[in-house]
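Trainee: What follows is the residue order along each chain.
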Amino acid sequence: MRQFLAFSKKEFHESAATFRLYILLGLFVMFGMMSPLLAKLTPEIIKSLGDTGMMISVHEPTSLDAWAQFFHNVGQMGMLVLIIVFCGTMSNELSKGTLVNLLTKGMKRHTVIASKMFASSVLWTFAYLLCFGAGFAYTAYFWDIGELPHALLAFAAPWLFGELLLATHVFGGTLFGNIYGSLLSCIGAVILMNLLSILPGASKYNPVTLSGGTLPLLSGAGKPSDFIPAVLICAAAVVLLTAGSIVMFNRKKM
Amino acid sequence: MLNELGQYLPFLIPIAVIQLALTVAAVIHILRHDTYRFGNRALWLVVSICVNVIGPILYFSIGKGED
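Chains as they are written, first to last, in my numbering: chain A, 1 to 254; chain B, 255 to 321.
If you're looking for bench data, these hints aren't it; they were derived computationally from the structure.
It should be emphasised that the depicted structure is a prediction, and the values quoted were computed from it without experimental measurement.
Honestly, I wouldn't trust all of these hints.
Claimed, not checked - A few chain B residues that face chain A, going by a derived Cβ cut-off under 8 angstroms, partial list only:
no.: 1; residue: Tyr262
no.: 2; residue: Phe265
no.: 3; residue: Ile269
no.: 4; residue: Ile272
no.: 5; residue: Leu274
no.: 6; residue: Leu276
no.: 7; residue: Val278
no.: 8; residue: Ile282
no.: 9; residue: Leu312
no.: 10; residue: Phe314
no.: 11; residue: Ser315
Heads up, the beta-carbon is just placed ideally off N, CA and C, and yes, glycines get one too.
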């Protein structure tokens, strides 16, 4: 436990020193603020084009439009930022050999993986909460929030998908031992999941649905049972990837 | 149109500040350091300035060399 806490503390210091902390928090606050604003401004921008003689019908934006923008921003730009920012978590240590000293001094290998996952998860959770908080505050300022059915599931889904990306980074980083392997395995996994979502009926089980696809829950068009299988598969994948990383790291020659 | 935009300024300014701060931080870091994991100073300046948001974070996570 002491090793775990010490190593996690080192991770937090490192994320501040490499600007990862500031970039992540700043950008996610920005995504949160941008969403209601974009929803509010889009009709204005289209209206200002209206002098050209085109007939464009624009409906008055609602808080649902703001949440649609929120899921769009977080699900695409947000996940891209997450992939780039966390690509060095495991791979940098392995390619630089900075873990050798710690491991020879008796640091447990599974502690390394566990605290890497823990520290990145805490950062990501905090960033996502800030993003949601900013989005919620601005949406409440512009509109009446009203009722949000199944809000917990709808808003926890992108967070869970982010966790999957973090676990993939740790797995890819441990497997390949360099930053490019980590990046490629994460981007490859996202591309693969997107390709799979072309199959009819697969989206119910596909974790990629969670990154930005949960708007129907809020609008009342979807039911939780449409998303539960994807949530379970995503959670299982996070656990399996983390366990896989530990097994692989135990066998790895430093 | 401008008047209408004016009322959103308190919301637009923080967003612009975050984007600008990120780009400026990356540019300053690039000019102060001359070791990069790959590429050279010109490439990273172009990427950081021209590619909004993604450019600077690419530099900080995969372009930046060791101190």
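Trainee: If a hint holds in the structure, say so; if it doesn't, say that too.
Mentor: Comparing the hints with the structure gives:
Of the supplied interface hints, the one on B:Tyr262 holds, with its beta-carbon coming within about 7 angstroms of a beta-carbon of chain A, less than 8 angstroms. Because the smallest distance between the Cβ of B:Phe265 and any Cβ of chain A comes to about 5 angstroms, under 8 angstroms, the interface hint for this residue holds. For B:Ile269, the interface hint holds, since its Cβ comes within 8 angstroms of a Cβ in chain A; the closest pair sits about 6 angstroms apart. With 8 angstroms as the threshold, the beta carbon of B:Ile272 comes within range of chain A, its nearest partner Cβ sitting at about 5 angstroms, so the hint holds.
With 8 angstroms as the threshold, the beta carbon of B:Leu274 stays out of range of chain A, its nearest partner Cβ sitting at about 11 angstroms, so the hint is violated. With its C-beta approaching chain A no nearer than about 7 angstroms, B:Leu276 sits inside the 8 angstroms limit, and its interface hint holds. Residue-level restraint check for B:Val278 is violated (minimum Cβ-Cβ distance to chain A is 12 angstroms; threshold 8 angstroms). Proximity of B:Ile282 to chain A is violated relative to the hint, the smallest CB-CB distance being about 12 angstroms (cut-off 8 angstroms).
Interface hint status for B:Leu312: upheld, as the beta-carbon distance to the closest one in chain A is roughly 6 angstroms, under 8 angstroms. Look at B:Phe314: its Cβ gets to within about 5 angstroms of chain A, closer than 8 angstroms, so that hint holds up. About 5 angstroms separates the beta-carbon of B:Ser315 from the nearest beta-carbon of chain A, less than 8 angstroms, and the hint is met.
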